[in-house]
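Model the full structure from these sequences, guided by the hints.
The residues making up each chain are set out below.
Number of protein chains: 2
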Amino acid sequence: MFVLDQRLLQDTLPVGDFPLCRLLLSNDSQYPWFILVPRKADVSEVFQLSDDEQLQLWKETTSLSRTLQQVFEADKMNVAALGNVVSQLHMHVIVRRRGDIAWPAPVWGKHPAVAYTADEALDVIGRLKAALATDLTFVEVANDA
Amino acid sequence: MFVLDQRLLQDTLPVGDFPLCRLLLSNDSQYPWFILVPRKADVSEVFQLSDDEQLQLWKETTSLSRTLQQVFEADKMNVAALGNVVSQLHMHVIVRRRGDIAWPAPVWGKHPAVAYTADEALDVIGRLKAALATDLTFVEVANDA
Numbered sequence: 001m002f003v004l005d006q007r008l009l010q011d012t013l014p015v016g017d018f019p020l021c022r023l024l025l026s027n028d029s030q031y032p033w034f035i036l037v038p039r040k041a042d043v044s045e046v047f048q049l050s051d052d053e054q055l056q057l058w059k060e061t062t063s064l065s066r067t068l069q070q071v072f073e074a075d076k077m078n079v080a081a082l083g084n085v086v087s088q089l090h091m092h093v094i095v096r097r098r099g100d101i102a103w104p105a106p107v108w109g110k111h112p113a114v115a116y117t118a119d120e121a122l123d124v125i126g127r128l129k130a131a132l133a134t135d136l137t138f139v140e141v142a143n144d145a
Numbered sequence: 001m002f003v004l005d006q007r008l009l010q011d012t013l014p015v016g017d018f019p020l021c022r023l024l025l026s027n028d029s030q031y032p033w034f035i036l037v038p039r040k041a042d043v044s045e046v047f048q049l050s051d052d053e054q055l056q057l058w059k060e061t062t063s064l065s066r067t068l069q070q071v072f073e074a075d076k077m078n079v080a081a082l083g084n085v086v087s088q089l090h091m092h093v094i095v096r097r098r099g100d101i102a103w104p105a106p107v108w109g110k111h112p113a114v115a116y117t118a119d120e121a122l123d124v125i126g127r128l129k130a131a132l133a134t135d136l137t138f139v140e141v142a143n144d145a
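Protein sequence lines, in the order shown, are assigned to chains A and B.
Once you know that position 23 of the first sequence is 23 in this note's numbering, the rest is easy, because the numbers rise by one and skip nothing.
Once you know that position 14 of the second sequence is 14 in this note's numbering, the rest is easy, because the numbers rise by one and skip nothing.
One should not assume that every hint holds.
One copy or any two copies: either way a pair holds, since identical chains are not told apart in the list.
To be verified - Computed cross-link-like contacts, DSSO-like style, restricted to lysine-lysine with a CA-CA straight-line distance of at most 30 Å:
id : residue 1 : residue 2
1  : K59       : K76
2  : K40       : K59
3  : K40       : K129
4  : K110      : K129
5  : K110      : K76
6  : K129      : K76
Rather than coming from a laboratory, the hints here were simulated on the basis of the structure.
Have a look at this one:
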């Protein structure tokens, strides 16, 4: 059974579900930083998924990346599966802009997270959800999901 | 026409070609750190590739990741397309071990690269090539490729 890792639960806000992955917003207002987590138990590497699941993960990652690039006018998208701290497989999909606080370095470990206010989080999530409105594979999740 | 970015050329050693990507070894002996570069001109984001090319990139990435995990006994594989400095699309596939110098942080920007000696590079590349010997899609490249 899929249970979201405690650290991911703490550090993110839930957005919704794609067919394979839960979509989370990293609670760091310095970047529009999203995380996809396949809803599968005991998986830490992409190649541990079945072939079909791997394909679905890549589809959801690439599609999300394209959408985020457009909605948030990214100069570059950063896509990464690291997992050195949280071993549950999760894919970072991060909007980078030339003016952001860590540019051009990767975001990890550069600056302590600055949590969103409720209004800011609703705005970011709302902009993405508006772009996903025609994506019938996307399902919103309740806030306690 | 595909031309490898100058920075990538400088910082890596050539290993070979998969059907889509050139395989490079990052010239940093602190980690077995490989880089896949699709041999396509003017692409900086995964979603700019055609659907078939995207699929091929993911296949090459996942297959390489699995092979490297086994050959170099990784505790965790790190897979990432960043490109904030070098915009030419390239996929990092990095062997991480709990004892490595940057663990558990990501490798970028943590420690200055320590170049391989010729013997060390031949050893790392040789171990990977031995594992790829049965992979008929892999073709070695000459050192000036």
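| request: Using 30 Å as the alpha carbon limit, work out where K40 and K129 are close: within a copy, between copies, both or neither. | output: within (24 Å within a copy, 33 Å between copies)
| field | Homomeric proximity label, K129 with K76: Cα distance no greater than 30 Å | value | within (21 Å within a copy, 33 Å between copies)
| said: Reference check for the pair K40 and K59, CA-CA at most 30 Å: within, between, both, or neither? | reply: Both, since 17 Å and 20 Å are each at most 30 Å.
| Should K59 paired with K76 be assigned to within, between, both, or neither, using CA atoms and 30 Å as the limit? | This pair counts as both: shortest intra-copy Cα distance 18 Å, inter-copy 23 Å.
| Homomeric proximity label, K110 with K76: Cα distance no greater than 30 Å | Cα proximity of K110 and K76: in one copy and across copies (18 Å, 21 Å).
| field | Within, between, both or neither, where K110 and K129 count as close if Cα-Cα is 30 Å or less | value | This pair counts as within: shortest intra-copy Cα distance 28 Å, inter-copy 36 Å.
Comparing the model with each numbered hint stated earlier shows that all of them hold.
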